[in-house]
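Student: So the number in this note's numbering is just where the residue sits in the sequence shown, counting from 1, plus 70.
Calculated from the structure, these hints are not laboratory results.
Fair warning: there could be bad hints in the mix.
Derived CB-CB ranges, DEER-like [what the hints assert, rightly or not]:
#: 1; residue 1: G126; residue 2: D205; range: 30 to 40 Å
#: 2; residue 1: P159; residue 2: D202; range: 15 to 25 Å
#: 3; residue 1: I179; residue 2: A129; range: 35 to 45 Å
#: 4; residue 1: D107; residue 2: L163; range: 16 to 26 Å
#: 5; residue 1: R102; residue 2: R182; range: 18 to 28 Å
#: 6; residue 1: D207; residue 2: G126; range: 33 to 43 Å
#: 7; residue 1: A174; residue 2: V198; range: 17 to 27 Å
#: 8; residue 1: P123; residue 2: E161; range: 25 to 35 Å
Where a beta carbon is used, it is the ideal one built from N, C-alpha and C, also for glycine.
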Amino acid sequence: MTDTQTHTPAKLTSPFSADAWAAFWAAPHRDRILEGDLLSEDVVGYWQGEPTPVRGLEAYTARIAELLDTIPDLRLRLVDGATVDTDTPGEQLVYLHYVGTGTAPEGPIAIRGLDRVRTRDGRVVENVIRYDHVDPDSI
């Protein structure tokens with residue numbers, strides 16, 4: 071007998087927001103990735119430099135866990151953000167401008183990034199992630 075687990079989203083207590091993003095990335099941990107059930111089962115992530123998008127909750131959360139395993143002290147700080155309603159009922163775009171620091175296997179890194187997150191009924195359905203490596207003294 072095979073035991074398969076499926077993630078059943080709980081009722082949202084609050085929708086995804088720039089504040090929820092900032093709270094997670096201020097002290098990220100792989101055990102908190104699914105906290106709040108803010109990710110859709112069919113979430114799609116477009117990571118910079120990756121030739122194909124990451125599709126589905128399991129692959130998306132695995133990608134974040136891999137990032138945290140590689141850069142365990144990664145911290146991202148929200149500089150500013152904006153939320154815009156789309157023409158589709160229940161859908162919003164959340165823009166996140168951030169800076170981050172951490173220690174990669176090759177040494178210290180610093181980034182400046184911009185994510186565009188599409189939410190539907192409060193859950194993330196798409197995330198486009200773009201960032202540049204910058205001088206750590208510039209952030």
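Student: Each hint: holds or not?
Tutor: Tested hints:
no. : hint                    : result
1   : G126 x D205: 30 to 40 Å : holds, 36 Å
2   : P159 x D202: 15 to 25 Å : violated, 35 Å
3   : I179 x A129: 35 to 45 Å : violated, 24 Å
4   : D107 x L163: 16 to 26 Å : holds, 20 Å
5   : R102 x R182: 18 to 28 Å : holds, 24 Å
6   : D207 x G126: 33 to 43 Å : holds, 39 Å
7   : A174 x V198: 17 to 27 Å : holds, 22 Å
8   : P123 x E161: 25 to 35 Å : violated, 18 Å
Violated hints, in rising order: 2, 3, 8; the structure is consistent with all others.
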